[in-house]
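Residue numbers (the UniProt record's numbering): 1 to 34.
These are computed hints drawn from the structure, not numbers from a lab.
Each hint should be verified, as a subset may be incorrect.
[As the list claims (entries may be wrong)] Label-pair restraints from in silico Cβ distances: (1) Leu23 with Leu3: 29 to 35 Å; (2) Arg4 with Glu31: 39 to 45 Å; (3) Ile10 with Lys32: 39 to 45 Å; (4) Lys32 with Thr11: 37 to 43 Å; (5) Glu1 with Lys32: 42 to 48 Å; (6) Glu31 with Glu1: 32 to 38 Å; (7) Leu22 with Glu1: 29 to 35 Å; (8) Pro30 with Glu1: 41 to 47 Å; (9) Pro30 with Tyr5: 27 to 33 Å.
Just so it is clear, CB atoms sit at the ideal spot from N, CA and C, and this is done for glycine as well.
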Amino acid sequence: EILRYTLRIITPRWKNLGRLRLLMLQQRYPEKFK
């Protein structure tokens with residue numbers, strides 16, 4: 001039960017981190033994401 005609860009809290013943060021990383025990469029190397 002505790003594991004499921006922590007996963008529920010952690011997973012959205014990981015998804016947000018992935019989106020932020022993609023945005024930063026797109027701003028740094030725009031020619032790669034055309």
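Going through the hints against the structure:
1. Leu23 with Leu3: 29 to 35 Å: holds, 30 Å
2. Arg4 with Glu31: 39 to 45 Å: holds, 42 Å
3. Ile10 with Lys32: 39 to 45 Å: violated, 29 Å
4. Lys32 with Thr11: 37 to 43 Å: Given about 27 Å between the Cβ atoms, the range is violated.
5. Glu1 with Lys32: 42 to 48 Å: Given a distance of about 43 Å, which is inside 42 to 48 Å, the answer is holds.
6. Glu31 with Glu1: 32 to 38 Å: 48 Å Cβ-Cβ, so the 32 to 38 Å window is violated.
7. Leu22 with Glu1: 29 to 35 Å: holds, 33 Å
8. Pro30 with Glu1: 41 to 47 Å: For Glu1 against Pro30, whose Cβ atoms are near 45 Å apart, the range 41 to 47 Å holds.
9. Pro30 with Tyr5: 27 to 33 Å: violated, 40 Å
In the structure shown, a violation is registered for the earlier hints numbered 3, 4, 6 and 9, in ascending order.
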